[in-house]
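Participant: Read off the chains here:
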Amino acid sequence: MNQRRYCLPDLESALMDRLIMAHIERGSRVLDLGCGDGRLLCRLRDEHGVSIQGIERDLPQVVEAISKGVPVIQADLDEGLSEIGDQAFDYVVLSQTLQQVLHPKDLLQRMLRVARRAVVVVPNFGHWRVRLQLLLTGRAPVTQSLPYDWYNTPNLHLLSMLDFRDLLQNLRVRVIDEVPIIRGTAVPNARLANLRADNALYVIESAEAPAVAANSP
Amino acid sequence: MASEIAEPVVADDRSVGIVQTQYAELFQPPAPLVLESGERLGPIRVAYETYGELSPRADNAIFVCHALTGDAHVAGRHSPDSRKSGWWDSLVGPGRTLDTDRYFVICANVLGGCQGTTGPSSIDPATDKPFGLRFPFLTVGDIVEVHQALVKSLGIETLLAVIGGSLGGMQVLEWVARHPKAVRSAICLASASRLSAQGIAFNAVGRRAIYADPNFQNGDYYMAERGPDGSRRFGEDGPRFGLALARMLAHITYLSELSIEHKFGRRLQHSDQLAYQLQRETEFQIESYLHYQGQRFVERFDANSYLYLTRAMDYFDLATKYGSLENALGRTQARFFVASYHSDWLFPMSQSREIVHALVSARRHATYLELESVFGHDSFLIEVEQLEKLLVPFLDQTYQHG
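Residue numbers (our numbering), protein chains in the order written: chain A, 1 to 217; chain B, 1 to 402.
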């Protein structure tokens with residue numbers, strides 16, 4: 001069944017790292033949620049002089065992160081970030097995971113509790129091929145990484161860029177940057193982004209925080 | 001704390017083999033140790049053991065802090081025919097987690113203990129009698145101060161790691177707060193930055209059991225006969241019923257409901273039928289086990305030491321002492337490894353999370369795991385393979401990159 005279905009491509013990891021790193025100031029303090037083996041954090045530490053902390057649920061990944069010298073807390077994002085104090089970080093990163101947690105809205109709020117800014121990458125299920133597929137075949141979309149079906153995909157929530165913007169507005173969150181990603185390339189200010197982008201990167205901060213000039217470093 | 005429920009591990013080629021306890025005389029006159037209470041104590045004898053070789057740069061030393069009733073004998077055997085190996089033998093040895101082919105491992109008995117280091121059963125040089133309750137009040141800080149002096153006397157300025165569980169974990173935290181530059185990594189297992197009210201309550205009942213024993217004699221129960229290390233013998237004439245009772249109670253707190261259920265259930269000790277005898281003390285297997293633990297404990301532990309050390313635990317409160325936990329732990333550049341166990345109800349996970357919370361706020365290098373185990377508080381002594389997987393890369397990274 002799956003082969004005949006269009007799958008939203010997952011970003012290639014090196015590209016993803018570059019994209020995220022471009023939005024993080026040098027010398028800042030960064031929390032990576034679902035840090036995996038700590039790859040991104042290693043690069044941030046070694047190339048950006050960033051003070052790092054990871055959170056990861058999967059034990060083998062935690063061991064990998066420890067083996068890279070990455071400080072990592074084993075925790076489930078669905079169970080909160082109780083170990084992390086308010087505004088303990090400058091940035092919190094959540095890459096292609098928001099659609100997989102039970103309560104994305106709660107998690108976004110907690111992210112902006114623990115950090116000044118959040119960098120979030122989400123898949124855009126508003127992509128035209130997803131829409132077309134649903135229209136023509138009547139089948140639910142999935143992302144690329146594994147041959148998932150609707151009943152076993154880790155993606156619990158399907159969202160489009162428009163949906164995500166609605167949520168951010170609802171949360172009274174200030175959007176510092178919105179970067180549509182089209183076939184592996186970041187295209188700032190893309191026309192018809194919600195139709196063309198397969199993923200999108202957002203840099204957000206709490207609207208209650210004092211406004212800082214929105215310059216990407 | 002910790003009850004060493006683990007079965008003795010059979011010696012294999014990864015054991016450190018035959019080892020000997022060594023002794024250091026520190027804080028000799030005219031430079032006694034000034035205790036946190038303000039009292040002075042010296043000279044202080046410290047029993048310790050070492051395994052492996054200290055590197056020429058003295059940068060590979062790991063100090064192991066023992067729990068409430070532990071001793072300096074953490075690994076190996078004292079003689080070829082001794083039945084029991086060190087209390088954390090499965091962690092320490094060539095190729096083991098604390099790899100003695102690579103690291104120099106040190107373990108020492110605590111101040112106030114009764115297994116070679118100066119404590120209430122030692123002879124007070126002023127009176128030529130055992131200190132008993134005239135031994136000065138001591139704290140976890142005092143314990144660490146003595147161990148730091150020992151480490152220094154061995155020619156080590158900076159430790160690669162300090163590791164311990166339970167009261168040992170408290171010592172680890174005190175080490176980094178007190179000597180922030182002397183530690184490159186801190187490994188704190190099943191522990192807390194302060195004992196919970198529940199923990200104090202259990203300690204209080206244990207101490208009351210000792211005080212209430214008619215043989216307690218206000219702490220002056222030592223026999224004239226001296227032990228091999230010069231201290232007076234304790235046991236037969238001491239408050240052994242009270243001490244055994246304290247141990248039985250404490251032992252329950254080290255286990256989990258599930259581990260007791262698995263190991264003993266409601267099984268009977270002597271037959272498969274109830275005896276209908278009120279005062280039969282060992283009707284159920286769990287009763288027999290606790291009595292055995294209590295009796296065995298009396299043979300090796302001094303009731304006065306138990307009083308002093310549980311009190312030191314009660315008093316331990318890093319946040320109050322240093323203003324906040326963040327202040328206490330933020331002074332060091334050490335990497336931290338913190339682990340707690342789901343089934344540990346004496347040092348619950350929430351207490352480890354407090355430590356991690358402070359470390360993250362202080363922007364320290366913090367690794368934290370909540371480990372699955374059925375063994376309750378004792379898990380850190382038993383689930384050694386789980387620790388190995390995590391600590392080997394952690395120590396390796398610290399050793400390579402500091």
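Just to be clear, a hint being listed does not mean it is correct.
Claimed, not checked - A short, non-exhaustive set of chain B residues, derived as facing chain A with CB atoms under 7 Å:
id, residue
1, ARG102
2, GLY265
3, ARG266
4, MET349
5, ARG353
6, VAL356
7, HIS357
8, VAL360
9, SER361
10, ALA366
11, THR367
12, SER373
13, PHE394
14, GLN397
15, TYR399
Calculated directly from the structure, the hints in this document are not laboratory data. Only a predicted model underlies this, so the values are computations on that prediction, with no experimental measurement involved. Just so it is clear, CB atoms sit at the ideal spot from N, CA and C, and this is done for glycine as well.
Participant: Look at each hint and say if it fits the structure.
Facilitator: Tested hints:
With 7 Å as the threshold, the beta carbon of ARG102 (chain B) stays out of range of chain A, its nearest partner Cβ sitting at about 16 Å, so the hint is violated. Hint on GLY265 (chain B) is violated. Least Cβ distance to chain A is approximately 31 Å, over the 7 Å limit. For ARG266 (chain B), the suggested interface contact is broken, since its CB lies about 35 Å from the closest CB of chain A, more than 7 Å. Because the beta carbon of MET349 (chain B) sits about 10 Å from the nearest beta carbon in chain A, more than 7 Å, this interface hint is broken.
Because the beta carbon of ARG353 (chain B) sits about 5 Å from the nearest beta carbon in chain A, less than 7 Å, this interface hint is met. Below 7 Å, beta-carbon pairs count as interface contacts, and VAL356 (chain B) has one with chain A at about 5 Å; its hint therefore holds. Against a cut-off of 7 Å between C-beta atoms, the interface hint on HIS357 (chain B) holds, since the closest Cβ of chain A lies about 5 Å away. Below 7 Å, beta-carbon pairs count as interface contacts, and VAL360 (chain B) has one with chain A at about 5 Å; its hint therefore holds.
Interface hint at SER361 (chain B): satisfied, since its Cβ lies 4 Å from the closest Cβ of chain A, which is below the 7 Å cut-off. About 5 Å separates the beta-carbon of ALA366 (chain B) from the nearest beta-carbon of chain A, less than 7 Å, and the hint is met. With 7 Å as the threshold, the beta carbon of THR367 (chain B) comes within range of chain A, its nearest partner Cβ sitting at about 5 Å, so the hint holds. At a threshold of 7 Å, the smallest CB-CB gap from SER373 (chain B) to chain A is about 13 Å, leaving the interface hint violated.
For PHE394 (chain B), the suggested interface contact is upheld, since its CB lies about 5 Å from the closest CB of chain A, less than 7 Å. Hint status for GLN397 (chain B): holds, given a least beta-carbon distance of 4 Å to chain A, under 7 Å. Hint status for TYR399 (chain B): violated, given a least beta-carbon distance of 11 Å to chain A, over 7 Å.
Going down the numbered hints, you'll see the structure goes against 1, 2, 3, 4, 12 and 15, while the others check out.
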